[in-house]
Amino acid sequence: MIRLGRLVTVAALVFLTQGCIAAVALPLLKGGSPDKLSVDSGPKEVKAELGKPIASQGTPDGGRVDTYDYRLDRANERSDARKFVGTLDGTAFQALGYYALFNIVTYGALDLAISSFLVYHKLKTDPRSRVRIAFGPDDRVAWIGSPPPYGPPDAAVPLSIGGIRESCRSQDDADPSDRPVGGGGESPKEPGDRYVQCVARGFAMWGIE
Amino acid sequence: MNPSWQLRLRRCRGYVLAAALVVTLGHGAPAAAGRADEKVLILAQPLARADAVWMAQAKGFFKEENLQVTVRWVSSGNDALRTFQDGSEEKPGSADFVIVNELLAVHHWQATDGGFAVIAALARDAEGYVAIARSEVTTPEALKGKAVGIEVGSTGAWFLGEYLRAHGMSELDVAVKPVPPDSILTWNLDGDYLAAFFLREPFGARALTTHGSRVHRLATAKGYMSGYMMIGTRKSYLRDHAGVAERLLRALEKGRRYAEEHKAEVIQFAREMFSVEDVAPVEADYTSNERLLGLDQVTVGDFDKLTRWMKEAGLAARPFDRDSFFDADPLRRALPERLAPEFAR
Numbered sequence: 001m002i003r004l005g006r007l008v009t010v011a012a013l014v015f016l017t018q019g020c021i022a023a024v025a026l027p028l029l030k031g032g033s034p035d036k037l038s039v040d041s042g043p044k045e046v047k048a049e050l051g052k053p054i055a056s057q058g059t060p061d062g063g064r065v066d067t068y069d070y071r072l073d074r075a076n077e078r079s080d081a082r083k084f085v086g087t088l089d090g091t092a093f094q095a096l097g098y099y100a101l102f103n104i105v106t107y108g109a110l111d112l113a114i115s116s117f118l119v120y121h122k123l124k125t126d127p128r129s130r131v132r133i134a135f136g137p138d139d140r141v142a143w144i145g146s147p148p149p150y151g152p153p154d155a156a157v158p159l160s161i162g163g164i165r166e167s168c169r170s171q172d173d174a175d176p177s178d179r180p181v182g183g184g185g186e187s188p189k190e191p192g193d194r195y196v197q198c199v200a201r202g203f204a205m206w207g208i209e
Numbered sequence: 001m002n003p004s005w006q007l008r009l010r011r012c013r014g015y016v017l018a019a020a021l022v023v024t025l026g027h028g029a030p031a032a033a034g035r036a037d038e039k040v041l042i043l044a045q046p047l048a049r050a051d052a053v054w055m056a057q058a059k060g061f062f063k064e065e066n067l068q069v070t071v072r073w074v075s076s077g078n079d080a081l082r083t084f085q086d087g088s089e090e091k092p093g094s095a096d097f098v099i100v101n102e103l104l105a106v107h108h109w110q111a112t113d114g115g116f117a118v119i120a121a122l123a124r125d126a127e128g129y130v131a132i133a134r135s136e137v138t139t140p141e142a143l144k145g146k147a148v149g150i151e152v153g154s155t156g157a158w159f160l161g162e163y164l165r166a167h168g169m170s171e172l173d174v175a176v177k178p179v180p181p182d183s184i185l186t187w188n189l190d191g192d193y194l195a196a197f198f199l200r201e202p203f204g205a206r207a208l209t210t211h212g213s214r215v216h217r218l219a220t221a222k223g224y225m226s227g228y229m230m231i232g233t234r235k236s237y238l239r240d241h242a243g244v245a246e247r248l249l250r251a252l253e254k255g256r257r258y259a260e261e262h263k264a265e266v267i268q269f270a271r272e273m274f275s276v277e278d279v280a281p282v283e284a285d286y287t288s289n290e291r292l293l294g295l296d297q298v299t300v301g302d303f304d305k306l307t308r309w310m311k312e313a314g315l316a317a318r319p320f321d322r323d324s325f326f327d328a329d330p331l332r333r334a335l336p337e338r339l340a341p342e343f344a345r
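Protein chains in written order, with the working numbering: chain G, 1 to 209; chain P, 1 to 345.
Everything labelled a hint here was simulated from the structure, so no lab data went into it.
Please note: incorrect hints may appear among the correct ones.
Take a look, some chain G residues computed to stay more than 10 Å from chain P by CB distance [as the list claims (entries may be wrong)]: (1) ARG3; (2) ARG6; (3) VAL39; (4) ASP89; (5) GLY90; (6) GLY97; (7) TYR120; (8) VAL157; (9) PRO158; (10) SER160; (11) ASP193.
Derived lysine-lysine pairs resembling DSS-like cross-links, with alpha carbons at most 27 Å apart [said to hold, decoys possible]: (12) P/LYS222 <-> P/LYS235; (13) P/LYS146 <-> P/LYS235; (14) G/LYS124 <-> G/LYS47; (15) P/LYS146 <-> P/LYS222; (16) P/LYS235 <-> G/LYS44; (17) G/LYS52 <-> G/LYS30; (18) G/LYS44 <-> P/LYS63; (19) P/LYS39 <-> G/LYS47; (20) G/LYS36 <-> G/LYS124.
Bear in mind the structure is a predicted one, so any value in this text is a computation, not a measurement.
Just so it is clear, CB atoms sit at the ideal spot from N, CA and C, and this is done for glycine as well.
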């Protein structure tokens, strides 16, 4: 009687845990995505996402550039799998029932074998990619993919039409030496004219017609 | 004396000596801690104008000043300031110093209500700003009534303003056309109406190569103004980290001198740090770069011109206050010979 009880318990355990190995192992094998990292990420975050680097090269500033070879994160594939489970029909569930039965008979060996194969297959066939990540001397990510290009464009400050008007209003009260020179002959004497000319000049500086 | 008393006395001397040792070490410890490397994060763009920083890093000059400096290279000055602004002293990973051009520095000083200060001009460059004109435009007056391409709100735009002003004109006498600098490379000299571009190298040199004798260099900014690289920080940082800016400036001075004498190493740094393959722009920047690390009278004059131009362009949100914009104290303490009399106390 006790032996039968044990047998039923083992069978129940095998039945209830079938597919668990794959269910637990496969998500743990998720790929990496450099997009989840950013400048200033720490080395632990990088390792958690992409694993260990396959190559490392020092940089003259005391930092280093690491190269990572990683399996691509296929988050879409996992959601596709969930959708697939949702579409299973009666025949499929019957097949799963047979699978459960065989699993009980083999004390879970079938599930172990199939799960191992699935893990192996995933590791072998998942697409891989490489990325270079630079760390500064402070051991934080300096750039991902490629360094900022040499010779960035001349930085510009943004236009403010309100700023032009405000500036011109204040120039009416300012010292005459502050007023613009050239362009348009003599300086207007009336404050209103000065303001109009000042705004016109400001607009001309910004190429506003 | 009783031998047992002698023994006690000896022990007492031992205790006194031990106590003295502890006191000495106790006092010595903070001094040693004061010398510990201070972590400093600088935001800068990959430009040879900052080669003093490059060499200070590569040759260990920051380390010699007990600074652990990291430079985060950013692809534009605006990005640098955005990141700098987002950070604060309390936020881990926030930048401590930022290196940007003169326009952005003044703009940021205004935006922070004077909470930002420039501690030194790292470098300046006048020959790196050029006016490239059609071959038939040979005098400043020939630009009158013609279209001129600039990136509005940039140092190139300021150069145009100073150039016209120096020749008795203003932007009202030409037609300013806002264009990106790389459009000079696709300049249609047969159909296009543009007579000239005012911009920063390497676009001028590349345009001369692309368009040959149909264009020429009308002028450089030499004698009109200079484009600057300014190093600045929050005023609160200077208050809370006494002595760090001085150590930084001393290390940069070593880097400046080293960069001046070791062109090959500067070029090599650019190759290795920024994966530069065509080193011609780096060499050109290296050659035209005036390594300044100071605040001299030319700087004072240029900022007078700049702030007047910014006012005319509607970019002056508040009156320029030299004593607020520049914090010359660290430079006065670290490199007093680099300070113009205008900054005397």
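Hint by hint, here is what the structure shows:
no.	hint	verdict
1	ARG3	holds, 62 Å
2	ARG6	holds, 57 Å
3	VAL39	violated, 7 Å
4	ASP89	holds, 53 Å
5	GLY90	holds, 56 Å
6	GLY97	holds, 55 Å
7	TYR120	holds, 38 Å
8	VAL157	violated, 4 Å
9	PRO158	violated, 6 Å
10	SER160	violated, 6 Å
11	ASP193	holds, 14 Å
12	P/LYS222 <-> P/LYS235	violated, 32 Å
13	P/LYS146 <-> P/LYS235	violated, 45 Å
14	G/LYS124 <-> G/LYS47	holds, 21 Å
15	P/LYS146 <-> P/LYS222	holds, 23 Å
16	P/LYS235 <-> G/LYS44	violated, 34 Å
17	G/LYS52 <-> G/LYS30	holds, 15 Å
18	G/LYS44 <-> P/LYS63	holds, 26 Å
19	P/LYS39 <-> G/LYS47	holds, 24 Å
20	G/LYS36 <-> G/LYS124	holds, 24 Å
Hint compliance for this structure: hints 3, 8, 9, 10, 12, 13 and 16 are broken, all remaining hints hold.
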